[in-house]
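Chemist: These protein sequence lines are chains A and B, in that order.
So for the first sequence, the numbering used here puts the first residue at 32; every next one is plus one.
So for the second sequence, the numbering used here puts the first residue at 759; every next one is plus one.
What the hints contain is simulated information worked out from the structure, not anything from laboratory work.
Do not rely on the hints blindly, as some may be mistaken.
Stated by the list, open to error - Here are a few chain A residues that sit away from chain B, every Cβ distance over 10 Å (derived from the structure):
1) Gln77
2) Val99
3) Glu146
4) Glu159
5) Lys219
6) Asp240
7) Ala323
8) Thr336
9) Ala383
10) Lys395
11) Glu464
Said to hold, decoys possible - Here are the in silico distance ranges between beta carbons for each label pair:
12) B:Glu903 with A:Lys158: 37 to 43 Å
13) A:Gly122 with B:Leu1125: 31 to 37 Å
14) B:Tyr838 with A:Leu325: 56 to 62 Å
15) B:Ile1134 with A:Phe258: 55 to 61 Å
16) B:Arg834 with A:Val110: 53 to 59 Å
17) B:Gly887 with A:Asn209: 52 to 58 Å
18) A:Thr450 with B:Leu944: 55 to 61 Å
Since the model is a prediction, treat every value here as computed from it, not as a measurement.
Glycine residues also receive a C-beta, built at the ideal position from the N, C-alpha and C atoms.
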Amino acid sequence: MNKKFLFVLSLLMIISMSLSACSGSAATEAPASTDEKVEIRVWGHQAPAFNAADQAMFDAFTAQNPNVTIKYETFPWDVFIQTIQTSLPAGNTADVILIPGGYTCRYAAGGQLLEVPADVMTLDAAKEMFYAAPLGGQTCDGKLYGFPAEYNIEYGGAYVNPALFEAAGLTYPPKWDNWDAVVADAEKLTAVGSDGVMTVAGLHYANSDQLFTYFLAGILEQNANYFAEDGKHFNFNSPEAIATIQKLMDMAQTNKVVDPIIFNADSEWVGESFAQGHNGIGILGSWYAGDAKLAYPDLKFDYVTLPPMMGSEYKFASVGGWGYVVGKSTQHPDIAWKLAAFLGADQANVLAFNSTSGTVPAMKAVAADPKLLESAPFIAATLPLLDYGQYQGFLTDPDQLAYEIVYPTILDAIQGNLTAEEAANNINTAANEMVDAAQ
Amino acid sequence: MPFPTKRSHLFRRLLRHPCPPTRSALGIIMAGGAREEQERLAATFFILPQGMPMQITPLFKKEVLGDSGKLMAKQRRFAYTGIVPILLYMGLFTLFPILWAVVMSFFSYTPIRQGTWFLGLGGQNPFVGIDNYIELFTGTGKPAEVFRLAVKNTFLFTALVLPMNLIITLPLAVLLESIGERFKTLFRAIYFLPTISSSVALVIIWSYMYAPGWGLLSIMFKAVGLVPPKSWLQDPNTIYFGVPLAMLCVVVAHVWQDFGYNLVIFVAALQSIPKTLREAARVDGANIWQEFWLVVVPLLRRTVLLTSVLTVISSLQVFVIFQLLTRGGPKNQTQTMLLSIYENAFRFANNLGLSAAMSMILFIIILILTVTQFRILRTEWEY
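With the hints as constraints, model all of the structure from the sequences given.
Modeler: Written out as structure tokens, the structure is:
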């Protein structure tokens, strides 16, 4: 009897503990009176510039709302993503989360995020206030779920190294009229050692984000679309897609401005490679300027505007950008939304955030504010492009599409192992299988 | 020294126990001496590394102990008090996740979809039977294709690591055993250092060594007039005897990091071989080579088996070095099962159902190897 009793007791304890650990608390309205002490939890990823900017705004918010205390919890990127993936469905999240743009619709569609109340902001008002691309990252099925804090743009700008330009006898800072001019300069910047190993890539565009960004942008610049007619599947083997891949291949194989076996996402990553003088023109978002200044204080560089690659007009897709959302499990939705709006919809605060973090503003008024460039001058190269961006759309699984399908396939092609047609067909097949598998 | 009659009786019974592992566990300390002495030692050290907790259980059984007096009842209570919290801990953090993974493998489950109240299963996370397993074995989707490649890569990695590890560790252990005690300890510590160092730090060191052009290995190659590969870790087109260069690089880094374990086991095993046996061989005219091959190696057969099985099992579960050094690239040439499970569960798609099915396949492979290990290790051995 004792053995059975102990066994049953142990089993019950395990099951009850497991169930209690896995069950989430339902969102309940608990409006706080002005005197009631309220603690609001905020989650974000660990990034010194972001965290410092957020903390300054939390201090300002709590000064205005003395009954509110804010518990700010940050996680390394991987842990952060895994934490929200498991905690949001379980209903154990913080009240306010600074979430990447591509993730909002995924969780909103699953009912795990609260819609922005109309008295806080309507979608129409948000369209007036924010650029379309970052706002797209915070909307789902025509509903607004958060406030974009920044505009993620990996397109249209590049880091240039003055010492390498000078050594190659090129004009600095460069002003390119078209993409051919960029490639011509890159050819002169490229250096190969006596052993045949490329020591300086004239133009490093073989990073994962850049190949993905320029693949989508190349299609859009030719006035085509990468979505199929149903809006869910993809049309990645169109003539425009093949032409874009061919262009990326030609720069490596004909112009030889990069050796993609040495220079790619896992070897000679564009940012570090640029900082070490291993590439003359490094295509990367302006966000890296802040990190480079901290990590390499003596590094001399500029961030300049690139011309369109496949057409005469700028067109690109953006993942959106980080934004403030409110989890469905919050016990204090009113205060959570008040804080989210304070962080993401107040012009002065947004300016402070973008200036401190060095991020591109999602708010139009902030982008037009001259004070922004005083603290983040590297953003200047991308500001003229912000109106040309569109939200990338619902890509089913953006990470899988970018990092497991598009990037490795195009890298394989530019390394000389696939033709442009083969690469486009492989991407198209794999991407549509991904969509089908998720149905 | 008098030996308690009851315990002496107990251990005599244990020595005749029908379960071979029980006998073999005790057998470790049965190297010579009187039977009584062996029993006394066995009584002192009956909880041995190979003894496993399950072999202690008979000590508390009425039929083994014969009389269940107050002392035995107290011992039973003590045992339960100690075991129940561990059982609860194991249940919550080991058994439940395993059961949960088994259940999930039969669902199209992802935590970002809303299921029913019962652990999120059902609803938008429907029951799919063995579809996940069928997909992994026959599917044309990217995750399934990559997983099948990952299975092949994992076995290739293991097949390379095992012989390389043994070829290095066994002779090195014999060399270590032959030098003075002070240097032996020093070298043993040096060789064991990588094993206890942070894997992340070691991978960073190796990534600098493998850096293309300016890495230490490339510089060394150039210094001796050789042409180094263009890229050690990222060139998908450099393949030697069917093995991608990137895989070879990871194998070398892993063996360097991991061989300390087997070295220590071999050194311990060599120390337990009675000197009389080796001396007898020498008296009979054996040279050092013959002594090694005809005396030492046969006596280490069981240890070689043990280290082989442990190395195989640990190789199947290597993750950090692949994740940080190559992330499965180039072209999935270093993609392993564990990396696939991680990427499908947490990096891409959040398809925990499919990942759970992958982990079940890995579990079954390791289970088969472990059962094989137990069967092999049941062989009688005494010296």
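Chemist: Now, for every hint given, state plainly whether the structure supports it.
Modeler: Hint check:
With a minimum CB-CB distance of about 16 Å to chain B, A:Gln77 clears the 10 Å threshold, and the non-interface call stands. With 10 Å as the threshold on Cβ separation, the claim that A:Val99 sits away from chain B holds: the shortest Cβ distance comes to roughly 30 Å. Every CB of chain B is more than 10 Å from the CB of A:Glu146 (nearest about 16 Å), matching its label as outside the interface. Remark: the non-interface label on A:Glu159 is consistent with the geometry, its nearest Cβ contact in chain B lying 31 Å away (cut-off 10 Å).
At the 10 Å boundary, the C-beta of A:Lys219 stays outside the reach of chain B, the nearest C-beta of that chain being 20 Å off. Residue placement check: A:Asp240 keeps its beta carbon more than 10 Å from all beta carbons of chain B (closest about 15 Å). Every CB of chain B is more than 10 Å from the CB of A:Ala323 (nearest about 20 Å), matching its label as outside the interface. The Cβ of A:Thr336 sits about 30 Å from the closest Cβ of chain B, beyond the 10 Å cut-off, so the non-interface label holds.
The claim that A:Ala383 lies off the interface holds: its Cβ sits roughly 32 Å from the closest Cβ of chain B, which is beyond the 10 Å cut-off. Separation of A:Lys395 from chain B is adequate, the least Cβ-Cβ distance of about 31 Å exceeding the 10 Å criterion. Remark: the non-interface label on A:Glu464 conflicts with the geometry, its nearest Cβ contact in chain B lying 5 Å away (cut-off 10 Å). Between B:Glu903 and A:Lys158 the CB atoms are about 42 Å apart, so this pair conforms to the stated range of 37 to 43 Å.
At roughly 35 Å, the beta-carbon separation of A:Gly122 and B:Leu1125 lies within the given 31 to 37 Å, and the hint holds. For B:Tyr838 paired with A:Leu325, a C-beta distance near 58 Å keeps the hint of 56 to 62 Å intact. The beta-carbon spacing between B:Ile1134 and A:Phe258, approximately 57 Å, falls within the hinted interval of 55 to 61 Å. Under the hint 53 to 59 Å, the C-beta atoms of B:Arg834 and A:Val110, about 44 Å apart, miss the expected range.
Restraint check, B:Gly887 to A:Asn209: a C-beta distance of roughly 57 Å satisfies the suggested window 52 to 58 Å. For the pair A:Thr450 and B:Leu944, the supplied restraint of 55 to 61 Å holds, since their beta-carbon distance comes to about 58 Å.
Going down the numbered hints, you'll see the structure goes against 11 and 16, while the others check out.
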